[in-house]
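Q: The chain contents come next:
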Amino acid sequence: MTTITKLYGVKGWLTLALFSAGVMILVPVLNLAVSSSNPLHISDYSVSLMGKIMCYAVVALAIDLIWGYAGILSLGHGLFFALGGYAMGMYLMRMIGTEGQYHSHLPDFMVFLDWKELPWYWTGSDHFWFAALLVVLVPGLLAFVFGYFAFRSRIKGVYFSIITQALTFAFMLLFFRNETGFGGNNGFTDFKRIIGFALADPATKTGLFMATGLFLIMALLLCRYIVTSKFGRVLAAIRDHESRLMFCGYNPLGYKLFVWTLSAVLCGIAGALYVPQVGIINPGEMSPGNSIEIAIWAAVGGRGTLIGPLMGAAIVNGAKSWFTVAFPEYWLYFLGLLFVGVTLYMPAGVVGVAQQVKARFK
Amino acid sequence: MNTTTEDLQQGRDFSTASGGRILAPGEVDVSHGPILYLEGISVSFDGFKALNNLDLTIESGELRCIIGPNGAGKTTMMDVITGKTRPDSGTAFLGQTMDLTMLSEPEIAHLGVGRKFQKPSVFENHTVFENLELAMKTDKRVWRSLFARLSGEERSRIEETLALIKLSDKANMSAGLLAHGQKQWLEIGMLLMQEPKLLLLDEPVAGMTDFETERTAELLNELAGRHSIVVVEHDMDFVGSIARTVTVLHEGSVLAEGSMDQVQNDERVIEVYLGR
Chain V
0 MTTITKLYGV KGWLTLALFS AGVMILVPVL NLAVSSSNPL HISDYSVSLM
50 GKIMCYAVVA LAIDLIWGYA GILSLGHGLF FALGGYAMGM YLMRMIGTEG
100 QYHSHLPDFM VFLDWKELPW YWTGSDHFWF AALLVVLVPG LLAFVFGYFA
150 FRSRIKGVYF SIITQALTFA FMLLFFRNET GFGGNNGFTD FKRIIGFALA
200 DPATKTGLFM ATGLFLIMAL LLCRYIVTSK FGRVLAAIRD HESRLMFCGY
250 NPLGYKLFVW TLSAVLCGIA GALYVPQVGI INPGEMSPGN SIEIAIWAAV
300 GGRGTLIGPL MGAAIVNGAK SWFTVAFPEY WLYFLGLLFV GVTLYMPAGV
350 VGVAQQVKAR FK
Chain L
0 MNTTTEDLQQ GRDFSTASGG RILAPGEVDV SHGPILYLEG ISVSFDGFKA
50 LNNLDLTIES GELRCIIGPN GAGKTTMMDV ITGKTRPDSG TAFLGQTMDL
100 TMLSEPEIAH LGVGRKFQKP SVFENHTVFE NLELAMKTDK RVWRSLFARL
150 SGEERSRIEE TLALIKLSDK ANMSAGLLAH GQKQWLEIGM LLMQEPKLLL
200 LDEPVAGMTD FETERTAELL NELAGRHSIV VVEHDMDFVG SIARTVTVLH
250 EGSVLAEGSM DQVQNDERVI EVYLGR
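Those protein sequence lines, which keep their order, are chains V and L.
So the first sequence is numbered by numbering that gives the first Met the number 0: it starts at 0 and just counts up by one.
So the second sequence is numbered by numbering that gives the first Met the number 0: it starts at 0 and just counts up by one.
So here's chain L without its partners, still in its complex pose (with noise of 0.2 angstroms):
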């Protein structure tokens, strides 16, 4: 390949997918904008169509809402994404490259996808910091950690992080002791510290007091642009709070997308979701 660094600063047309620069291997290439493209997914358990021929297209750097009533297919679209479920027909690729069907769910979690649960689990008997020295992207391997030092770099990142999920003065306390709310926000910060591409949240607000709901929205305001987050929620005042686009599932595909406004003005969310 002839594509010189100047090339690449003068911004120059390239007609392949990275741009003509040479991907790192297991680097995700976002050079065309999206980071996600699910095209045609469907998925059925025995004979029940959890996800019918969905589209969805998540650009990089964005924040966008799922909402759906339940059995839309909202979890098993986050399954077929970390390779949980693999889908019966359809396409996903993460950036331009990855095929997310051929690859298996460590292999999709070591590419950058990260993945909170509805329920938070955090290492209890650790204390706050510890957790995300834990979870901090780093050589796993035995022999580096019986060695490990923290350089001041990373000590430095962790306590950013700490101070993003607002628990800097907790730093030293046993996650267990953390409230429900701060348990979630201590996960999403051990998600952020693998330093993922792309962020799945699962419901991150149920059960959360409306304060800590609040909070939750700042955190996730604050990371747009700087990740891409994809938020399947219900608490519809939550999504208002923060979606920038929301994707509105119904029985297994699409129904409609776009402003809040808009979806909440569509006559047919109105129907099926919103209700009349």
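In isolation and in its complexed conformation, chain V is listed as follows (with noise of 0.2 angstroms):
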């Protein structure tokens, strides 16, 4: 592996800017400007599993950028990714105002467990800007104070991975218990506008895709960027030879803590992203088979290359929406065997595979 110190070539960027193009232009105008006789129109369904994938693409970059770079495996991404979301989904709950089931400025779930007044963490939760706020600080935090109390004490490799296995576990069932105030096991749902838009208007939908289209690709660039840079190949130095790095006089921890905190605000903004478009949040977000599964998204698109587990996560989420409506009750063994067989004959993914058949035609 050679490390690149540009950004990209001539062709990455002619790549990229088609895909802006594409996501910026050509859907929104084949969703809504075309009729829906026409063959060449995209359905809101559409739309919305394409912009739901675009999230699990960000949450793929984020994991490969600490485990395909820095060499540390996160089994508990899916949980920054869930706080992000149930930071969103306050607010949306609360823009629900007066029109639930139970007409009251309550969210329905308080109603229904005779709470009178809002919990003192919903303070603020009706302004946009505070919720984005959270979107970035709750993951982040949490995030930094894990991260700094694991890698001080030099927690690596696989226990690393089993605490943060763990720590996803622990807050599911958290989340789960209707006393913590976050809609227990029916999470949040039923949201009805987002500042303003009507979310049942495809106009809002499409929105929401080219926002999360757009954060794509400057989270990409943020991750290319790092990589490329000096701290970049300090990381791929605590990757392969850690003690060595600190003969060289650094300390891995900053590194480390920095890298592992933006990985999982990254996960949060992409968590929030999903949540208006897919219309739920619940604790299961939060199982660690989630977790383990944005694993498997990264490793089969090829770890330590960003575009890689960009395309696992679309590949592996492409492949489930397909076959979870044909044939449902094989989805799980499909995705075991897809894993599986990655390991065994694809270790580099499949931008590896990718490279070798280019180089054997070359």
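It is worth saying that the hints were derived from the structure and are not from the lab.
Honestly, I wouldn't trust all of these hints.
Okay, derived cross-link-like pairs now, PhoX-like style, lysine-lysine, Cα gap no bigger than 25 angstroms in a straight line [unchecked claim]:
no., chain 1, residue 1, chain 2, residue 2
1, L, Lys-169, L, Lys-136
2, L, Lys-83, V, Lys-155
3, V, Lys-357, V, Lys-5
4, L, Lys-139, V, Lys-155
5, L, Lys-118, L, Lys-165
6, L, Lys-169, L, Lys-83
7, L, Lys-118, L, Lys-83
8, V, Lys-51, V, Lys-191
9, L, Lys-169, V, Lys-5
10, V, Lys-357, V, Lys-10
11, L, Lys-83, L, Lys-139
12, V, Lys-155, L, Lys-118
13, L, Lys-83, L, Lys-196
14, L, Lys-83, L, Lys-136
15, L, Lys-139, V, Lys-5
16, L, Lys-118, L, Lys-169
17, L, Lys-136, V, Lys-5
18, V, Lys-361, L, Lys-169
19, V, Lys-319, V, Lys-51
20, L, Lys-196, L, Lys-139
21, V, Lys-10, V, Lys-361
Partner residues are not named here, just some residues of chain V that face chain L (Cβ under 10 angstroms, in silico) [said to hold, decoys possible]:
no., residue
22, Ile-225
23, Ser-228
24, Gly-231
25, Arg-232
26, Val-233
27, Asp-239
28, His-240
29, Ser-242
30, Arg-243
31, Met-245
32, Phe-246
33, Cys-247
34, Trp-321
None of these values were measured; they are calculated from a predicted model.
Just so you know, even glycine gets a beta-carbon here, dropped at the ideal spot from N, CA and C.
Need the complex rebuilt from these two chains, each delivered in its own frame; the hints are there to steer you.
A: Quick look at the structure:
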């Protein structure tokens, strides 16, 4: 593996420009301006599905940043994604106003629990800017504090992975409880509007889709900048030979903590974009299985390449949405087979295979 | 203190250690000549005396070879200098002012004691150039690394070192693809990038071909005078080709010290080490 020092070559920028044009112009036009009888029309369902997959792609980027480049495997990234989603969900719940089933100013589940007023930690949740702040701060702070103690104690490898898995599991149990004040096992749903726009309106959906696309591109460029900077080379050195790097006078703690926290924040924002498009957030997003699936996306695409995990997320989730319709009972078997197959025959993932094919025809 | 730059330039006599000049924090004071003093160092492991009242002085800019049979205490001595092992008794000073027995391993490394272990360890997935870049003495905190750009001066320093370790044509090659000897040179290069005051090399030519050994001797001869270097080595031909002064260790203390000829003709050395 040779490390690259420039952001992108001509080809890379062209691909990126093409992708941006597709997301920002082509899809919105085909969805909104082309009538549904036309074969070129893209349905609202497809737009939502693609938006959802792009949220997952950001999560895959985030996990690649820490797993592929810093060698830290997190099996709890679903937690940061869900926390970002919950922070946005709180705002969306408040925006329902009195249109809920009980016509109360309180969210329905609180009426159901016979609560008379909002708990203190819901203060400010009716402001979008405050929700946006929480989306960044909650996953970021949790990751920072957790990471500080874990990295300071030099917890590494499989031990770190297990602790992150336990962390997301603990949070799932916490969020399942009605007393926690986040809707228990039903979570949040029945959202009506976001910053004044009705969520049922196709234009709002397309807007969210475009926002997600823009965020994905920005996240890709940010990650790319980081891994091509000297910081990225230090990260790779931490992954390959941490003690040697310490002899060179580096303290890995700050490097790990920075990239770990950034990764969590990216997941949080992805979660916040995911919730209004999917229309629901519940503790199921924090289940250990979800977080493991995230790692599978990165492995399938090819870790340590950024673009690979992004494609991995698209491939696995594309297959998932088709499979769960065509053969619903076999999806998990297929996912398991996919992981085993990739580990055995494609250790460098889809990107690795593409490179091999390219090298053969050269 | 009333000492002025003028006084210094005129070379007046100063009674204080640093010649009257105020030392920057962390600066190694070599104004009296020696960069390393070991005096009466003893270390024992479970009753076995690895070092027994060892005295050793290395002058600034000197290239010193340490030889001795297995178990003579060569590696333990390196461990004491780098802070890995604490001596039971004795004093160890870097320059006039730094008490090595009081400092931790990273602190000693930070002061400018660079150590190369026997087994080469370089970053195999990084290029040769990047290995040197990572090792270079610079601000190594997170934010600086995020926005770091190599200045022209830094780039030329890396290129100088590449030329010195004879890897200029391999600058963009992954370090993992280098031959064993080249990895050793790269590691010496990485140590040099850290601008060490004192360089400790533990068997630098172990496992090298004759040709590589020769090139390594050339390299060390080039470094002598510019850096203070201590080499621990078994290979007598190699020691002969670089050594100005040789110290022979035996059972944890200095048996003989002098030029290669003197040492080779010393009766006690012949008895314990060169063998008859």
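Q: Could you run down the list of hints and mark each one as holding or not?
A: Structure-based check of each hint:
| no. | hint | verdict |
| --- | --- | --- |
| 1 | Lys-169/L <-> Lys-136/L | holds, 22 angstroms |
| 2 | Lys-83/L <-> Lys-155/V | holds, 23 angstroms |
| 3 | Lys-357/V <-> Lys-5/V | holds, 22 angstroms |
| 4 | Lys-139/L <-> Lys-155/V | holds, 22 angstroms |
| 5 | Lys-118/L <-> Lys-165/L | holds, 20 angstroms |
| 6 | Lys-169/L <-> Lys-83/L | violated, 34 angstroms |
| 7 | Lys-118/L <-> Lys-83/L | holds, 17 angstroms |
| 8 | Lys-51/V <-> Lys-191/V | holds, 18 angstroms |
| 9 | Lys-169/L <-> Lys-5/V | holds, 20 angstroms |
| 10 | Lys-357/V <-> Lys-10/V | holds, 15 angstroms |
| 11 | Lys-83/L <-> Lys-139/L | holds, 23 angstroms |
| 12 | Lys-155/V <-> Lys-118/L | holds, 24 angstroms |
| 13 | Lys-83/L <-> Lys-196/L | holds, 18 angstroms |
| 14 | Lys-83/L <-> Lys-136/L | holds, 22 angstroms |
| 15 | Lys-139/L <-> Lys-5/V | holds, 21 angstroms |
| 16 | Lys-118/L <-> Lys-169/L | holds, 21 angstroms |
| 17 | Lys-136/L <-> Lys-5/V | holds, 23 angstroms |
| 18 | Lys-361/V <-> Lys-169/L | holds, 24 angstroms |
| 19 | Lys-319/V <-> Lys-51/V | holds, 12 angstroms |
| 20 | Lys-196/L <-> Lys-139/L | holds, 19 angstroms |
| 21 | Lys-10/V <-> Lys-361/V | holds, 18 angstroms |
| 22 | Ile-225 | holds, 7 angstroms |
| 23 | Ser-228 | holds, 6 angstroms |
| 24 | Gly-231 | holds, 9 angstroms |
| 25 | Arg-232 | holds, 6 angstroms |
| 26 | Val-233 | holds, 5 angstroms |
| 27 | Asp-239 | holds, 6 angstroms |
| 28 | His-240 | holds, 6 angstroms |
| 29 | Ser-242 | holds, 8 angstroms |
| 30 | Arg-243 | holds, 5 angstroms |
| 31 | Met-245 | holds, 7 angstroms |
| 32 | Phe-246 | holds, 7 angstroms |
| 33 | Cys-247 | holds, 5 angstroms |
| 34 | Trp-321 | violated, 37 angstroms |
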